[in-house]
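Asker: Residue numbers (this note's numbering), protein chains in the order written: chain F, 1 to 423; chain L, 1 to 423.
It is worth saying that the hints were derived from the structure and are not from the lab. Do not take every clue at face value.
Identical chains share a label here; the pair holds if one copy fits it or two copies do between them.
Stated by the list, open to error - Once the Cα atoms are required to be at most 30 angstroms apart in a straight line, the calculated BS3-like pairs of lysine-lysine come out as:
id, residue 1, residue 2
1, Lys269, Lys77
2, Lys262, Lys129
3, Lys241, Lys129
4, Lys300, Lys361
5, Lys64, Lys222
Read off the chains here:
Protein chains: 2
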Amino acid sequence: MPEVEVRGFVEEIRDLGGLKFVQVLTGGGHKQITINKNSIDPKMLKDFDSLTRQSCIRVIGEEKPMPKGNGTEVIPKSLEVFTIAATPLPLEPTGKTPADPDTRFRWRFLDLRDEKKHLIFRVATDFEKMTRDYFAKQDMIEIHTPKLLGAASEGGAEVFSLPYFGREAYLAQSPQFYKQMAICSGMEKVFEIAPVFRADPSFTYRHVTEFISLDVELGYIKSYKDVMKFEEKWLRYVIAKLEKKWGNEVKQKLGVGIEVPKTPFPKIKITQAYDIIEQAGLPVERGGDLSSDGEKEIGKYAKEKLNSDFVFITDYPSTVRPFYHMRPERNQKTTYSYDLLYKGLEITTGAQREHRHDKLKAQAVEKGLQIHNLEFYLDFFKYGAPPHGGFGFGAARIIMLLLGQKNVKEVSFVPRDPKTLFP
Amino acid sequence: MPEVEVRGFVEEIRDLGGLKFVQVLTGGGHKQITINKNSIDPKMLKDFDSLTRQSCIRVIGEEKPMPKGNGTEVIPKSLEVFTIAATPLPLEPTGKTPADPDTRFRWRFLDLRDEKKHLIFRVATDFEKMTRDYFAKQDMIEIHTPKLLGAASEGGAEVFSLPYFGREAYLAQSPQFYKQMAICSGMEKVFEIAPVFRADPSFTYRHVTEFISLDVELGYIKSYKDVMKFEEKWLRYVIAKLEKKWGNEVKQKLGVGIEVPKTPFPKIKITQAYDIIEQAGLPVERGGDLSSDGEKEIGKYAKEKLNSDFVFITDYPSTVRPFYHMRPERNQKTTYSYDLLYKGLEITTGAQREHRHDKLKAQAVEKGLQIHNLEFYLDFFKYGAPPHGGFGFGAARIIMLLLGQKNVKEVSFVPRDPKTLFP
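The following block holds chain F by itself, in its conformation from the complex (with noise of 0.2 angstroms):
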């Protein structure tokens, strides 16, 4: 029989007669322990009968098959008790119980002790692991961009401001500015996976004030087009990787299929979309933005009648888009731009920069935005720049949807909304 170690909580504590069975909760799933009364040295008998659950142990003992039924059961040899869990706890980790999500997030390191919502953080990590392995198959530069800015990066709305030696600062809401900078300092292909930040007074269920944004930005692009193209290989890649890795792992705790999505994605003019949410009945702005309602239906639309859980919306209003959107020459109305909508949410927004220093100019000021703060940005494109194009994502956002996730906040570890700044 092979010696094994076990590491980690006490799950369950049963005691059956002469049989005591201590489930633990490891790095890498569950463990019984079998202990029998009579048999074991009653040093150790005493040292299991102290424990509570939650406790924090390591055993090592043999391990072998159940007399009766599926699986293992651990004998142990020896045990040593790091920590014993003060009594009653605060929540259950295991979600027997139901706690409502104010306590669980209070008590998250109780509410992470479960196997299951490891799975989710092991899932994230490979998502971020695989995309990166994709990028640097395609050449990319990694890039690390100031959170702490000297101008409100766009316009002012929701941004976080705080003091710094004397003077304002401000927290990014997206790198933009800045991967649009590594793209004029010559290189050619960026990326950047980090935090941001908004002052968003939202509780939803796709909101938080501090989350991880992934993006990307490729010079030399000769449309927006080409930015799509890229966004779906590499999704399409990312999610083959996990459903082969983590599919079966993922059915079988949480309950949903990976599906890995068919490229191209389909894609839908704005004009379009408009159209199908006003045949489905709900309020439209013909200009807008798509509420989310709105943004369900195209989902349902994409699902039904095109079969993609995926579905690319462009050519949105420049009305609606940052000035930095280039426009066609002859429809200054109209952006080169898309949303990326998955299973009915946006997940990305991308577009074509404009990249000629007197127009980036002239939508800046048709914005009404104040031209002193922009002008270290706009010099970015004085010197010599290349037409370029990229998107932001929300990777928390996939990963909910993919693991059929209900809020954004479970699948991030610590999350942040206005209410919350503890743990």
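Given the coordinates of chain F, assemble chain L onto it according to the supplied hints.
Answerer: Just chain L, lined up with the frame of chain F:
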């Protein structure tokens, strides 16, 4: 003759009678375009004549060996001018006319238009890539800890604070508490690579107010020596990989060799370090931290006597270590902690952590910390916690020293110091 696409920024324009030479900085190096004024299409010649230095172009042409000497030249078939650079340039990107650092960082996007500087960011990209590959092999989970905190993490010195929906928030100086939380959530080994913020008024070659911290935390260690072992193995792996991939190019372009370290790295107790510094005739504060000059002296000693660029200094006094560093049962004056120096500069602080709630709380009280701000953290250790340890690592510092750069700012894409918030 193969047809090639050359795209990038015009570095040099030379006119030699019937010939014109245009040198282009591409994403991967340089290309020379050779224009024969007599045989070229007059419209294309006019476009070439319109170019200013640093203008951004695309040329399709035929690449052939130079008539004399090494290398190749490209005979253009077509030219596309994306943007004409304004004149005069505020900065010479290739450094022919040396500029002071303030000017270079003001025009950082031009400063970076230099293949030597691109190389720094390529090596840094791979440093992270190879690190993640190694950590993935160790089955580690990547976490994203919050940067917006409800309490100043470790006492409150040099912390940025900001208004947060009617309260006060603080920017994370390190992910320390949260990586320990991950261990207490049942994840066995975790890491994070993310920005941290220090309101440090220093202007030195090794300080910035925002930098990328590489953090590791390992559960179920037996001693802080396990943490040192983990770190030296990882560093050897990554540096060997970097040397193999980039060694020649770094030697050629940056003039330094990448030296692969031998493991185990030598270890010196802090008391011995005091002796060495004292014997070198430098002032030393026994019981205190090492000064910058002291670190340099130890670096010299390690290189000369121990034949190593890396050296661990261990067993720091508890007076200069944070409250959460574990102390030996019989000697509360010291800690199970270490620093790692590379070429005489501290790049890591590591330790075994105190995981026993009562001792941890007592050590916090002894340090005079405000316990009510720490309760959320102390709670992590109340309901079961394994022994654990880890380290924080300044990625920019090792890249600086590995590539022979003189300031961490040179290896930071857009560095921040107390007076710099732009670009």
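Asker: Are the hints correct? Go through all of them and say.
Answerer: A quick look at each hint next to the structure:
no.	hint	verdict
1	Lys269 x Lys77	neither (67 angstroms within a copy, 37 angstroms between copies)
2	Lys262 x Lys129	both (22 angstroms within a copy, 28 angstroms between copies)
3	Lys241 x Lys129	both (11 angstroms within a copy, 18 angstroms between copies)
4	Lys300 x Lys361	neither (39 angstroms within a copy, 54 angstroms between copies)
5	Lys64 x Lys222	between (62 angstroms within a copy, 27 angstroms between copies)
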